[in-house]
Amino acid sequence: MSECKNIREQFALLLYGELKFDEEERIDSHLDGCPECRAALGRQKALHDAVDAAAVTPSRVLLNRCREELAELLPREKPASSWTLWWHQIGANWKSQFLKPVGAMALLAVGFVAAKITPGWNVSGGLGSMDLANFGGAQVRNVATEPDGRLRIVFDEKRERTISGSRDDQQIRALLMAAAKEATDPGLRAQTVTILVGDANEADVREALAFAMANDENTTVRLKAMEGLERYTNDPMVQNALAHVLLNDPNTGMRTRVIDALTGHEGQELDRQMVGALQELMSREDDHDVRERARQMLHSIKASAETY
Amino acid sequence: MVQPSLKRWAVRKEGAAVDETELIRAAQRGDSSAFEELVRTYDQSVLRLALSMLRSPEDARDVYQETFLRVYRNLNQFRFDCSFHTWLYRIATNLCLDQLRRRKVRKEEPTVVATPEGSMDRMDAAPETRVEGDPQRNLFSGQIRKRVKEALAELTPRERMVFELRHYEGMRLRKIGEVLGTSEEAAKNCLFRATQKMRTALGEFV
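Chains Z and C supply the protein sequences, listed in that same order. Residue 41 in the working numbering sits at position 47 of the first sequence, and the numbers go up by one each step. Position in the second sequence (from 1) plus 16 gives the number in the working numbering.
Treat the hints loosely; a few may be bogus.
Here are the simulated distance ranges between beta carbons [unchecked claim]:
no., chain 1, residue 1, chain 2, residue 2, range
1, Z, Q164, C, A202, 44 to 52 Å
2, C, D114, Z, L182, 46 to 54 Å
3, C, R45, Z, R266, 28 to 36 Å
4, C, S61, Z, I166, 45 to 53 Å
5, Z, E66, C, R106, 19 to 27 Å
6, Z, G192, C, R106, 36 to 44 Å
7, C, L85, Z, I166, 27 to 35 Å
8, C, T216, Z, Q267, 36 to 44 Å
9, C, G219, Z, G258, 56 to 64 Å
10, Z, G159, C, D114, 30 to 38 Å
Calculated directly from the structure, the hints in this document are not laboratory data. We put the beta carbon where it would ideally sit given N, CA and C, even for glycine.
Please build the complete structure, drawing on both the sequences and the hints.
In structure tokens:
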């Protein structure tokens, strides 16, 4: 009878499909020879149906009201900004260096837009009737309305500059890191990432590479960035970025390479997040090869690879 | 990479399927239409969970608003460490649990209100979602619903949440653990206790 009691206690989890294969097998084989437990299982199913009957579905009216209220409330909230997606994961040191060129680019954009949308404005202050095309690269510093309704705009002119220096020059490095993320030409991004790979022993460079590996839309750039980080897989920040790639990168080769990078080092230690990422991968990865590599990796560190 | 059942897709207005990750990134860049799509992808299930847990349309509305406002405020801190669905449900379930715990302290029973005709459950006043033709069956269903609601109200907030997420939301125990910040085993034990209590409370109906 105690076997029957144990079996019946598992019925709810059985109906929810939350038992392991061998547990289900044990119940099935017991049910074959126990009509009382079969009847008890029938009652448990009836209980499930009864609970189903109490399901609540919000009315359309309530849903619409919620949506309308939310639509009214949202504009009062601070709008989402784009610059913090990865910033929390990336050190403040690199961020502060990196934001300078980004800020400059934002100002350039403002200046460019201002120039495009204001044809016909007279420009004073010694510039006379300067051709508007000349404003293409202006950095607008301030816009103010004067008492007579005219607008007063303070801007810096954009000037192309060329600098030269060694790779470890701070200015050169800051520009390289900015180009690795912001350059519109993927070829230029790939080139700068390739150069930065040579300095991946520096933490700020690893952060720039991690950003490119996790976020660049171009696979070649992401791959090059990963190549630079493969020797630093014990760095928690790098593992964090690799976990992100493992779960989000659409390219099978990139996902495979993450696991290879982790298995390629003797004494590799995985942090909890990486183990979690590998386990999550087991439940969502379509590619058999990647899944098998993840399974072997989890097995090698004696972590569960089961999916539920 | 991801199985279709697990990868969430939304449909943009022009009809093209969009990867949810792209939608989230667009919303993080301040694209309000992308945020609206995210809301519309999940808001029915959030509202259903809140209504089911709290059994009060007013409280469910509050949880709905607060959930999506918090998502909006904190979207830039979402780092894809877990699925958006898990993150969203973590916020919604915490708000529901807070509300339930406050109720326990205040001994509130928000679904029951006084009316000129006597006490009435507001949830019973809501339109039925299923049309049943058989009056006897309707009566029996009504009795069961009442007893199920009473039995659910007797569960602890955590038992109630785990039961709701598993039974009505169809969420796996592993994910329930992620949402509630606990282990799968703890969620399993919680579900086990909840179902035992439900069986005791509803034994006469089955």
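Can you list which hints this structure breaks, lowest number first? Those not satisfied are hints 7 and 10.
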